[in-house]
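Novice: Read off the chains here:
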Amino acid sequence: MTVVQSRARTGPTRPRPTRPVWEEPPTRLGQAAKGVLVGVVLLAVLFPLWVVVLTSVSPAQAVTRAGGLVVVPDGFSLTAYAELLSGGTVTRSVLVSTGITVVGTLFSVVVTLLAAYGLSRPGSFAHRPLLFAVLLTFLFGPGLIPTYLLVQSLGLLDTYAALVLPGAVAAFNLVVLRSFFMNIPQDLVDSARIDGANDFGVLTRIVLPLSKGVTAVIALFYAVGYWNAFFNAFLYLNSTDKWPLQLVLRTYVLQGQPIPGTSAVDSTLDGTGGPVATLAVKMAVVVIAVVPVLIVYPFVQKHFTKGVIVGAIKG
Amino acid sequence: MPGADVLERPATAAGRPSPPARRSSWARRLRRDWVLLLMVAPAIGLLVVFHYVPLLGNVVAFQDYSPYVGIAGSPWTGFANFRRILGDPDFWSATVNTLAITAFQLVFYFPVPIGIALLVHSLLSPRLRMFVQSVVYLPHFFSWVLVITLFQQMIGGAGVLNSFLRSHGASPVDVMTDPDLFLGLVTAQAVWKDAGWGAIVFLAALSTVDTSLYEAAAVDGAGRWRRLWHVTLPALVPVIVLLLILRLGEALTVGFEQFLLQRDAVGAAAAEVLDTYVYFTGVVNSDFSYAAAAGLVKGLVGLALVLAANKVAHLAGEQGVYSR
Numbered sequence: 001m002t003v004v005q006s007r008a009r010t011g012p013t014r015p016r017p018t019r020p021v022w023e024e025p026p027t028r029l030g031q032a033a034k035g036v037l038v039g040v041v042l043l044a045v046l047f048p049l050w051v052v053v054l055t056s057v058s059p060a061q062a063v064t065r066a067g068g069l070v071v072v073p074d075g076f077s078l079t080a081y082a083e084l085l086s087g088g089t090v091t092r093s094v095l096v097s098t099g100i101t102v103v104g105t106l107f108s109v110v111v112t113l114l115a116a117y118g119l120s121r122p123g124s125f126a127h128r129p130l131l132f133a134v135l136l137t138f139l140f141g142p143g144l145i146p147t148y149l150l151v152q153s154l155g156l157l158d159t160y161a162a163l164v165l166p167g168a169v170a171a172f173n174l175v176v177l178r179s180f181f182m183n184i185p186q187d188l189v190d191s192a193r194i195d196g197a198n199d200f201g202v203l204t205r206i207v208l209p210l211s212k213g214v215t216a217v218i219a220l221f222y223a224v225g226y227w228n229a230f231f232n233a234f235l236y237l238n239s240t241d242k243w244p245l246q247l248v249l250r251t252y253v254l255q256g257q258p259i260p261g262t263s264a265v266d267s268t269l270d271g272t273g274g275p276v277a278t279l280a281v282k283m284a285v286v287v288i289a290v291v292p293v294l295i296v297y298p299f300v301q302k303h304f305t306k307g308v309i310v311g312a313i314k315g
Numbered sequence: 316m317p318g319a320d321v322l323e324r325p326a327t328a329a330g331r332p333s334p335p336a337r338r339s340s341w342a343r344r345l346r347r348d349w350v351l352l353l354m355v356a357p358a359i360g361l362l363v364v365f366h367y368v369p370l371l372g373n374v375v376a377f378q379d380y381s382p383y384v385g386i387a388g389s390p391w392t393g394f395a396n397f398r399r400i401l402g403d404p405d406f407w408s409a410t411v412n413t414l415a416i417t418a419f420q421l422v423f424y425f426p427v428p429i430g431i432a433l434l435v436h437s438l439l440s441p442r443l444r445m446f447v448q449s450v451v452y453l454p455h456f457f458s459w460v461l462v463i464t465l466f467q468q469m470i471g472g473a474g475v476l477n478s479f480l481r482s483h484g485a486s487p488v489d490v491m492t493d494p495d496l497f498l499g500l501v502t503a504q505a506v507w508k509d510a511g512w513g514a515i516v517f518l519a520a521l522s523t524v525d526t527s528l529y530e531a532a533a534v535d536g537a538g539r540w541r542r543l544w545h546v547t548l549p550a551l552v553p554v555i556v557l558l559l560i561l562r563l564g565e566a567l568t569v570g571f572e573q574f575l576l577q578r579d580a581v582g583a584a585a586a587e588v589l590d591t592y593v594y595f596t597g598v599v600n601s602d603f604s605y606a607a608a609a610g611l612v613k614g615l616v617g618l619a620l621v622l623a624a625n626k627v628a629h630l631a632g633e634q635g636v637y638s639r
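For the record, the sequence lines run as chains A and B. According to the numbering used here, the first sequence holds residues 1 to 315 in order. According to the numbering used here, the second sequence holds residues 316 to 639 in order.
Honestly, I wouldn't trust all of these hints.
[Claimed, not checked] Not close to chain B: a few residues of chain A, all C-beta gaps over 12 Å, as computed: (1) D74; (2) E83; (3) G87; (4) K302.
[Stated by the list, open to error] For the chain A half of the interface with chain B, some residues (derived, Cβ under 8 Å), not all of them: (5) L42; (6) A44; (7) V52; (8) L69; (9) L139; (10) G141; (11) L144; (12) L165; (13) F200; (14) V224; (15) F230; (16) V286.
[Unchecked claim] DEER-style ranges, computed between Cβ atoms: (17) A:G35 to B:W544: 20 to 26 Å; (18) B:T523 to A:L106: 34 to 40 Å; (19) B:S527 to A:R128: 37 to 43 Å; (20) B:R442 to A:F138: 35 to 41 Å; (21) B:G385 to A:V103: 27 to 33 Å; (22) A:A161 to B:A623: 35 to 41 Å; (23) B:A387 to A:V103: 30 to 36 Å; (24) A:F138 to B:G472: 39 to 45 Å.
Calculated directly from the structure, the hints in this document are not laboratory data. All C-beta atoms in this analysis are idealised placements derived from N, C-alpha and C, irrespective of residue type, glycine included.
All chains, full assembly: derive it from the sequences and hints.
Specialist: Okay, structure coming up:
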């Protein structure tokens with residue numbers, strides 16, 4: 001991967017990548033086969049997304065004409081989104097998921113950063129047993145039932161805290177960050193200390209600016225975890241009005257129950273529409289669940305290898 | 316804090332042979348590092364409360380736990396719950412399902428990331444390579460609910476595939492609700508979601524291969540496929556061995572949400588795995604102690620497998636998960 005990046009950087013000076021001198025020119029058949037393979041892989045990922053997005057922005061008649069999901073563009077309409085985002089179950093769940101994601105990610109990143117730095121200073125007091133306590137969590141999970149009983153006895157059932165606190169610190173992320181921090185040259189830290197910085201100053205002024213990429217990746221991991229949180233919500237939340245988006249997606253799209261407050265209900269009641277007409281609305285829910293990931297992903301993606309592989313291998 | 320103390324920490328790291336007064340040095344280090352300890356405290360606190368405390372909560376497996384009186388008031392029953400597990404056909408059926416899924420994925424999932432890595436690595440244009448990478452990593456960041464929804468919309472009863480089949484006069488097939496196809500279905504979902512992401516490790520290994528090896532092989536007359544066989548694959552072998560061993564260590568863990576979400580559609584006979592079994596007996600049927608015992612058995616066997624796998628990894632000359 002680093003090779004990829006360095007080649008990409010030299011791009012302007014070498015516009016066309018040249019084949020190594022020792023490599024024989026590719027056969028036409030080989031090229032075609034490779035092209036087909038790459039095409040199949042790309043299509044397998046992109047085709048479902050294409051169909052879903054297209055269906056969600058198609059007018060109801062187009063969905064009916066297609067007899068299901070729309071594969072070829074046929075008209076454009078945002079009524080499905082207007083319906084979903086005009087208040088009601090989906091709007092509320094989007095707000096809930098957004099809130100949990102923002103608050104949870106901030107909390108997790110801050111706690112993880114602090115601990116990773118605190119454990120990264122060589123020879124500091126008690127850092128070995130503390131690190132061991134963190135690493136030990138890799139080995140053996142506490143189990144579903146005791147965790148559930150704990151959350152219950154802490155009075156966290158049916159609260160948003162139950163979605164954030166139990167998984168707030170991922171030991172893996174902590175270890176990745178820590179090993180990255182340990183690779184920062186000690187001289188930099190020393191000179192900051194001579195200039196009078198305390199540990200907090202070293203973290204915020206020296207270490208963090210040097211670790212933006214990894215921190216971004218860690219933040220993405222946490223954020224995606226919170227945005228995609230299904231099981232904790234399923235387990236701990238009883239009230240429908242507290243549901244995050246993934247539960248809404250499961251109940252109204254995967255299981256196909258009518259969404260309260262949308263015309264899906266009306267159409268089944270008065271029989272004017274049909275299940276097909278609500279398909280655009282369902283696919284709009286799917287798109288709403290995907291879009292935040294699609295927006296954040298490209299900005300963070302370039303740091304993946306540097307951050308994750310380095311950390312994972314050293315951790 | 317005296318100025319001389321500021322730079323002391325690196326020096327201590329190097330190791331003074333024996334501090335003259337042990338207790339005062341402890342106190343001094345504590346005073347010097349209290350900021351660091353304060354930084355670590357929230358994370359450790361969370362891990363203690365939400366990891367170590369419930370770990371102790373596993374004692375309910377040895378009780379007849381009642382939520383009304385709590386752990387302190389519930390009667391102890393010794394190993395009764397564990398004996399009940401041994402005679403419970405549903406537990407064994409869930410175990411068999413779990414192992415079948417692991418075995419199936421080992422054969423049909425495991426090689427796919429390697430293939431993707433080789434394919435991506437063989438692309439010459441850096442721009443195309445980056446693009447393909449970005450696309451194949453993407454599904455890893457989707458939730459299971461989303462992945463299963465997408466599968467349902469593509470190959471489910473009312474999905475694109477079947478509306479295509481119907482409009483061409485063929486009889487539709489609903490892959491999503493057929494228990495016989497479930498193994499293949501969950502493996503396909505796992506491949507779609509995570510195989511691209513899994514390739515990242517192999518790509519990292521491939522990028523460290525010395526190109527002069529290829530050159531030398533080519534000079535010696537090795538063709539494209541021989542270079543793949545004799546240079547590229549050997550470079551991947553350590554990673555392959557490591558991941559294979561790790562996967563075996565997690566043989567009892569196949570994930571939770573994927574099976575919980577599809578259990579209704581295909582029935583418990585095919586989709587019940589150990590994790591969902593614990594959930595349904597414990598949380599749904601309120602048989603907390605029995606479910607905790609089942610979870611504990613799973614956890615202990617899993618732990619033994621991980622330790623054994625890591626031992627094997629060490630013997631195979633790899634680093635393992637928790638070397639040192």
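Novice: What hint numbers does the structure not satisfy?
Specialist: Violated hint: only 4; rest satisfied.
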